[in-house]
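Heads up: the protein sequence lines correspond to chains X and U, in order. Number 486 in our numbering belongs to position 96 of the first sequence; there are no gaps in the numbering. Number 11 in our numbering belongs to position 2 of the second sequence; there are no gaps in the numbering.
Accuracy of the hints is not assured; some may be wrong.
Here are some of the chain U residues that sit facing chain X, going by a computed Cβ distance under 10 Å [as the list claims (entries may be wrong)]: (1) 34; (2) 41; (3) 51; (4) 58; (5) 94; (6) 98; (7) 100; (8) 109; (9) 112.
With the C-beta cut set under 10 Å, the calculated list includes, among others, these residues of chain X facing chain U [to be verified]: (10) 392; (11) 437; (12) 493.
Here are some chain X residues the structure puts well away from chain U; computed CB gaps all over 12 Å [claimed, not checked]: (13) 406; (14) 407; (15) 453; (16) 460; (17) 467; (18) 470; (19) 472.
Rather than coming from a laboratory, the hints here were simulated on the basis of the structure. Backbone N, C-alpha and C fix where the C-beta goes; we use that ideal spot for every residue, glycine too.
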Amino acid sequence: ETGVTQSPTHLIKTRGQQVTLRCSSQSGHNTVSWYQQALGQGPQFIFQYYREEENGRGNFPPRFSGLQFPNYSSELNVNALELDDSALYLCASSSRDRDRNSPLHFGNGTRLTVT
Amino acid sequence: DAKTTQPNSMESNEEEPVHLPCNHSTISGTDYIHWYRQLPSQGPEYVIHGLTSNVNNRMASLAIAEDRKSSTLILHRATLRDAAVYYCILRAINSGGSNYKLTFGKGTLLTVNP
Numbered sequence: 391e392t393g394v395t396q397s398p399t400h401l402i403k404t405r406g407q408q409v410t411l412r413c414s415s416q417s418g419h420n421t422v423s424w425y426q427q428a429l430g431q432g433p434q435f436i437f438q439y440y441r442e443e444e445n446g447r448g449n450f451p452p453r454f455s456g457l458q459f460p461n462y463s464s465e466l467n468v469n470a471l472e473l474d475d476s477a478l479y480l481c482a483s484s485s486r487d488r489d490r491n492s493p494l495h496f497g498n499g500t501r502l503t504v505t
Numbered sequence: 010d011a012k013t014t015q016p017n018s019m020e021s022n023e024e025e026p027v028h029l030p031c032n033h034s035t036i037s038g039t040d041y042i043h044w045y046r047q048l049p050s051q052g053p054e055y056v057i058h059g060l061t062s063n064v065n066n067r068m069a070s071l072a073i074a075e076d077r078k079s080s081t082l083i084l085h086r087a088t089l090r091d092a093a094v095y096y097c098i099l100r101a102i103n104s105g106g107s108n109y110k111l112t113f114g115k116g117t118l119l120t121v122n123p
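Given these sequences and hints, build the entire structure.
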């Protein structure tokens, strides 16, 4: 069973630029969610996708957007980067259909630095 | 979302049991209690979850108070690999079943001494 993989592992961008982060879900999982983790804090929920549709969103502005593909992989896009967007971005997958309380499986994240 | 309260940090010795407490006095009847941990430079890892009864798995045990206002994660024999931030999370499954987000606090940083 392949786990959740994220790419790239590290990224440096300049303020105002745009970034795309990628995530491959664990095999058999149809739900993917994204979290932002600032240094010293717990992860904060950005949004969730189920069968290619966004079905939950946290307190993040519209410049944070996402996609889920038919193979359940996912992208997180952030436009007009700000310095405060510097964080670890975590992707998590789960299988909603098997058990609505099923655990989330996280990747090891992408460390984004905005200068 | 219902809130949880955990100590900022705890310390343990290798091969000794560890009891990590969590208070959740505003828990609702449909909130499950989940525990995740995050090792350095890794994403969070699921540990265990429960609703009312105590739960055991290969990683840990979860003891839930009778009134459900608190719970304790028990690591039976701590190893150096157990050093991590432990998060206690209440996960609400609403009637539509569409909200599966996890609301993380700052967690408890567990240090394990050799």
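Here's how the hints hold up against the structure:
no.: 1; hint: 34; verdict: violated (19 Å)
no.: 2; hint: 41; verdict: holds (6 Å)
no.: 3; hint: 51; verdict: holds (5 Å)
no.: 4; hint: 58; verdict: holds (7 Å)
no.: 5; hint: 94; verdict: holds (8 Å)
no.: 6; hint: 98; verdict: holds (9 Å)
no.: 7; hint: 100; verdict: holds (7 Å)
no.: 8; hint: 109; verdict: holds (7 Å)
no.: 9; hint: 112; verdict: holds (7 Å)
no.: 10; hint: 392; verdict: violated (15 Å)
no.: 11; hint: 437; verdict: holds (9 Å)
no.: 12; hint: 493; verdict: holds (4 Å)
no.: 13; hint: 406; verdict: holds (28 Å)
no.: 14; hint: 407; verdict: holds (25 Å)
no.: 15; hint: 453; verdict: holds (20 Å)
no.: 16; hint: 460; verdict: holds (21 Å)
no.: 17; hint: 467; verdict: holds (19 Å)
no.: 18; hint: 470; verdict: holds (25 Å)
no.: 19; hint: 472; verdict: holds (22 Å)
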